[in-house]
Amino acid sequence: MLTIKDLDVWFGHPPERVDAVRGASFVVARGESFGLVGESGSGKSTILRAVTGLIDTWSGRIEVAGQPVTGRHRSRAFHKTVQMVFQDPYASLHPRHSVDRVLSETLHLQGMDRIDQRIATLLDSVGLGRGFRFRYPHQLSGGQRQRVAIARALAAEPQLLLLDEPTSALDVSVQAEILNLLADLRRDRGLTYVMVSHDLAVVAHMCDRLAVMRGGEIVEEMTAAALRQGAARSDYARDLLAASRGYAAG
Amino acid sequence: MTPLLSVRDLRVSFPTRSGSFQAVRGVSFDLGRERLGVVGESGSGKSMTGRAILGLVRPPGKVTAERLELDGESILNLPERRMRKLRGARISMVMQDPKFSLNPVMTIGRQIMESYRLHSGQGGQAARDKALDMLRAVQIRDPERVFDAYPHEISGGMGQRAMIAMMLAPDPEILIADEPTSALDVSVRNEVLRIMDKLVRDRGMGLIFISHDLNLVGQFCDRVLIMYAGRVVEELPAHDLHAARHPYTQGLLNSLPRLDQPVERLSTLQRQDSWRDADIATPLPGGL
Chain V
1 MLTIKDLDVW FGHPPERVDA VRGASFVVAR GESFGLVGES GSGKSTILRA
51 VTGLIDTWSG RIEVAGQPVT GRHRSRAFHK TVQMVFQDPY ASLHPRHSVD
101 RVLSETLHLQ GMDRIDQRIA TLLDSVGLGR GFRFRYPHQL SGGQRQRVAI
151 ARALAAEPQL LLLDEPTSAL DVSVQAEILN LLADLRRDRG LTYVMVSHDL
201 AVVAHMCDRL AVMRGGEIVE EMTAAALRQG AARSDYARDL LAASRGYAAG
Chain A
1001 MTPLLSVRDL RVSFPTRSGS FQAVRGVSFD LGRERLGVVG ESGSGKSMTG
1051 RAILGLVRPP GKVTAERLEL DGESILNLPE RRMRKLRGAR ISMVMQDPKF
1101 SLNPVMTIGR QIMESYRLHS GQGGQAARDK ALDMLRAVQI RDPERVFDAY
1151 PHEISGGMGQ RAMIAMMLAP DPEILIADEP TSALDVSVRN EVLRIMDKLV
1201 RDRGMGLIFI SHDLNLVGQF CDRVLIMYAG RVVEELPAHD LHAARHPYTQ
1251 GLLNSLPRLD QPVERLSTLQ RQDSWRDADI ATPLPGGL
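As you go down the protein sequences, you meet chains V and A in turn.
Each residue of the first sequence is one higher than the last, beginning at 1 in the numbering used here.
Each residue of the second sequence is one higher than the last, beginning at 1001 in the numbering used here.
In short, the hints are calculated from the structure, not lab data.
Since we're looking at a predicted model, the values are computed, not measured.
We treat Cβ as the ideally placed atom computed from N, Cα and C, and that holds for glycine.
Partial list, computed: chain V residues near chain A (C-beta under 8 Å): (1) Glu39; (2) Ser40; (3) Ser173; (4) Leu179; (5) Asn180; (6) His198; (7) Ala204; (8) Arg228; (9) Leu240; (10) Gly246.
Simulated DEER-style distance windows between Cβ atoms: (11) Gly66/V with Arg1141/A: 48 to 56 Å; (12) Glu1073/A with Arg233/V: 53 to 61 Å; (13) Ala225/V with Asp1222/A: 33 to 41 Å; (14) Arg17/V with Ser1187/A: 22 to 30 Å; (15) Glu1153/A with Gly215/V: 18 to 26 Å; (16) Gln1270/A with Gln229/V: 26 to 34 Å; (17) Asn1077/A with Asp8/V: 56 to 64 Å.
Required output: the full structure, derived from the provided sequences and hints.
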């Protein structure tokens, strides 16, 4: 579904050039859920942004459903296949657009028919009642906003969802609801996920395989089962695992 | 032994168009020379409790309490001039994000010196030495460089350590840390916690650690208060956190995905109205 090969992403020009991602390669199969973990600045979100065309300074190979993409331009077919959900539900919805407008605009752009009916179905599928349809973002809680953002991503009926820290701005009880929703949607629709997170437990819960990143490079690829057993091969992944187990006095 | 801080029936309310909104509704606890965790989700009133103690609730917000005492002396709604003497010198606060709490156009060193000078009255060289000492105390390897650096020139973890250095320079009796590590990476987080722990222990300070992270608080603190909708719903020794009895605390613990216990579905919290007002399991939380 997604193939990344020798991906380099950089910002700025020499001598101030920053290499955000260096030589990253991984393959995500159809229907799989793949995690990217690492600390801030490790380049995990940058990879997603390069895939969706939000960054054009990259080299290497990105293939989505067998189709290579170039630069910043993405075809209509691409947006029908790939959608992204961002971290901050407060920032990713237009404050003056109602839920109805957000969804109908997206559906129009995707060239969908029966828009009215589709909005109702979308709201149902993310667990928001029809009563939410004419609300504005400020009338929604963080979890509800993230549900709207997920509904918007689903509007195009994509096959691949890129999830950039979808729950890190939410309370833990709300996080559990959103993670359950994402798991249900994946099962029901056969979606493929690439999920970026700094929370190893969340990734272990949601993903089958994951890559650990540090300083723009992938240091290790492992299965979620190996992560749970603490069977990391690289020193860095081991340290990260130990640190995320929590605070130990000493 | 008198507690460092004694709080009884603390209430914070804000007038709104539809009546008064109670952000904190009758919180009571005592703080000794210990690490007290205050946990809750957003909107539970945990931060507001911290701000109320420091007199940082802005009008039209109103703070009332049956008792709010520091070393047996009432600090409830003191005039701003007297509060300012207390704030920093005797009770200090570390906030979540060093990016927003450090002055961006002032070097780290000058900011620490300023806070020390204000409270100790000592100037010049003494303040400079103290600032460098404090930077060393928070284990900054190159204190001279950080002293002359601006906040944007240092990392988040470094910034938070500088904040701790600044807050501890006047040797306060109580430190209120409001989500001090939530903006930091895990590896840095543990380091910052260790530094804070050591300083608080060595100086015999009382620490109020406000956080949304139940597990972290369980590992880091001695005692935990769990807040829901402006009230303390449960109080526990930190090592008994897994034996929590209140359904809200249990729900919070269960909704976290865990590395060591894979589950098919995460359990979600079914909020109950009774949690808002039902009697509290521990009638007077915070007995020393």
